[in-house]
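Knowing the structure of chain A, use the given hints to seat chain B on it.
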Amino acid sequence: MLDQATGDSICALAARLRRRECSSRELTAAYLARIEHHDAALNSFITVTPEAALAAAEAADQQLACGAGGPLTGIPIAHKDIFCTQGVRTSCASRMLDNFIAPYDATVVSRLHQAGAISLGKTNMDEFAMGSSNETSWYGPVTNPWDSTRVPGGSSGGSAAAVAAGLCMAATATDTGGSIRQPAAFCGVTGLKPTYGRCSRWGMIAFASSLDQAGVIARSAADAALILQAMAGFDRQDSTSADEPVPDYSAELETSLQGLRIGLPREFMSAELDSDIAASVEDAIGLLRTLGAEVREISLPNSALAVPAYYVVAPAECSSNLARYDGVRFGHRCTDPVDLEDLYRRSRGEGFGAEVKRRIMIGTYVLSAGYYDAYYLKAQQIRRLIKQDFQHALSEVDVILGPTAPTTAFALGDKSADPVAMYLNDIYTISANLAGLPGLSLPIAPVQGLPVGLQLIGNYFAEARLLNVAHQLQQHSDWHLARPSAFA
Amino acid sequence: MQWDVVIGLEIHTQLKTASKIFSGAATTFGAEPNRQACAVDLGLPGVLPVLNIEAVRHAVRFGTAIGAEIAPRSVFARKNYFYPDLPKGYQISQYELPVVGRGQVEILLDDGDTKTIGVTRAHLEEDAGKSVHEDHLGGGRLSGIDLNRAGTPLLEIVSEPDLRSPQEAVAYARKIHQLVRWIGISDGNMQEGSFRVDANISLRPAGSDTLGTRAEIKNINSFRFLHKALEFEIERQRDILEDGGTIVQETRLYDAEQDETRSMRSKEEANDYRYFPDPDLLPLSIDADFIQAATAELPELPEAMRARLIEQYGLSATDATVLTGSLAMADYFEQTVAGCHDAKLAANWITGSLAAALNKADLDIEHSPVSPAQLIGLLQRIQDNSISGKIAKQVFDGLWQGEGDADAIIAARGLTQITDTGAIDSLVEAVMAANPQQVEQYRAGKEKVFGFFVGQVMKQSQGKANPALVNQLLKDKLAGG
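In order, the protein sequence lines correspond to chains A and B.
First residue of the first sequence? That's 0 in numbering that gives the first Met the number 0, and the numbers climb one at a time after it.
First residue of the second sequence? That's 0 in numbering that gives the first Met the number 0, and the numbers climb one at a time after it.
None of the hints are false.
With the C-beta cut set under 7 Å, the calculated list includes, among others, these residues of chain A facing chain B:
#	residue
1	201
2	203
3	237
4	316
5	322
6	323
7	328
8	366
9	367
What the hints contain is simulated information worked out from the structure, not anything from laboratory work.
This one's a predicted model, so the numbers in the text were calculated from it and none came from an experiment.
Glycine included, each C-beta is placed from N, C-alpha and C at the ideal position.
Here chain A stands alone, though its shape is the one from the complex (with noise of 0.2 Å):
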């Protein structure tokens, strides 16, 4: 029956509980025994934490015996390993942090846990969500549940890993240039990046601060809706969380898709994209005129300048945001220093993996006196004009949609060698960063066995729509609901 109802859907589940049929419990015994056995293999988690899980599970168990409880109470879920939870390890995946006790829970934390939602533990990632397959972490790479030669994506790898081989039911993560919906997409898994500001940042560690943003990787659209429902709001802490009523996300879903209009942007769907993918795409494409919808062409001319302006902007913020770490207060302290040049230059030069300080020094380099104007400024400009180009573009279509990324999973080891190589896997995400959009992955149909994920790029706080088209496609397909053969 446990492993039957871990192939359930949130709401189904949630509603097995209240009728008992099932206990939150059982469940998370259940998840945690999955864990246990599939994730040597995979390496999806850093931490777990079953001990904590279980007693979370039967506070949870109670409330339910009372009738109380929502939607999300005794669901077990995961947290990237970039988000603070009191008493528990939160290392961002560094050798920097693996000592790194996190003395107080991120604000998404707390609101899931407030919502009754089970931690089963941390999940794997690239090093300070830097990376796009999952190999920068200090604790090894994740495997993609798919085929175990492959990359998850990344950095929300483990994320994305642990969800799509049921080792939890939905998982937080966080999207700086598609950290959510890149590995959403290699792994055929839902994954949602809200608008700039939904989800507060309060304890989420920053590597972009101007692009960072926590979001949710689910099996569907409706079970990433009631877990973006959680994490959603305004946040004193966050001076940059915005201060906007949050919708019923659920309450939309089942609207028609009659008369959407829905622009796929040329640049795109150029020659360079690979045709199987261009294929599944035109699939979906297919399906949602089925379903009412009418799709156009749009241009976003200046989507070719995405990927250079975002490896401006976050490394350079990323420069002064790990600052920090400097082995003076908390986390990896070298041995021994000598004298204080010493401590700043082996703490920092062993903790961090070398993605971090490639980063590291673009960033330093780029906000530096006399490039400052050449590099950081000039990024920002293009980064007006991109936004500029996507308002433009959605005050004619209500979605912009496309492929979420270029290729399928690629092989582990792959691209490790050639960091432009991997950054240019980011080039349909990336944008949504650069002006603050919403945008979501969801799988459609796979190529050569490998996921595909389709994105959708929505208006500002438009999450309800993406989460709406998204569940659309999701009632009318069973691409979604396709389950890796070795985690049945």
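For chain B alone, coordinates are given in the frame of chain A:
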């Protein structure tokens, strides 16, 4: 060769707020190390700054007080550098767009003239923590970090290079010190580091209008040291220039014990701070309503009050300057005048005996043991001739010692002036009887001895006899043969 001195000051004044500029931790001075540092102050992973709006109100008050434009939009920027007491590896400050724009203050020069000094800008920023180098830490091998001060709100006030001498620099620094305390945005406590001065100083040939290479003297925490450091630096730079050398642009520290400035770091090894807008904070928008609300309760400013005291009470310029040295001093004066209705008398006592006693005890007027009401009680007894000016000084001592109010002291010490003609009469007769020779001399035309008689009578009365009556009666008796 003649040299002109060019000085500009950067003053960091700690703003008086209950909590820090970007966190909820308290700002009280003197707590146990690291007891007033929360997760934000420690720069823990995942924390974010939230601006304390009271610090902004203070900055707006300052800007208004110096006639500066308040920027409708200003931006917080990160100043990046590594230091162990800088937890985040950057300081949140303002760079290209500060909250307070160009303004000015007037300073009073020694010759009584005033000079207008431009204020380039003032911006909000957070303070760093402090490094503790003490022997008890690991046998002197280790340094400690105290982050209590990290995140304390500062207003950095940058002057134009308008100052031409150490005297002017000190006058300007004192003016800013007076002003920030006057408008209640800072306690200005220099011992606790609430008011620190960095001085940029350069020399150029007299009459030249290009600036010479400057040195920056950092972290001066007293007006006296500011004066001495600048004097030393002028001497040092002049010696170098006159020997044909060049000044190195560098940061120097003033060592009070050696009375010299020493190089800290030169520009070549200086940091590139890599300023950029802080993405964790939205641009700061300030509208007219905010300015209106923040400045609604600003007190009358020192210059205006000084002019008013001269105009309204007929005070001398010197008295008016002293009495507007601080808002508390001015309040004290006006309260006293309200009770005794004699501004000159009140001014004399406040700038005289009271100021001297406060100075001797190293006390601010806020902590004066003699309240305005008590001083009024004393002045009223002078005004109704109950006591002489000389006796009044004794009564003041009593007030200072906490012996109660003036009347109680006069009664307890038996200091009431003798105005009884009969009593003085008998004193006069007794003195004349005891000094027949001097009486003869006076009557023979040697009028100088009159003073001797006054002195003797006052002595016999222990100073309590009314001097006017003594004079009158003596004149009558001595003339009367």
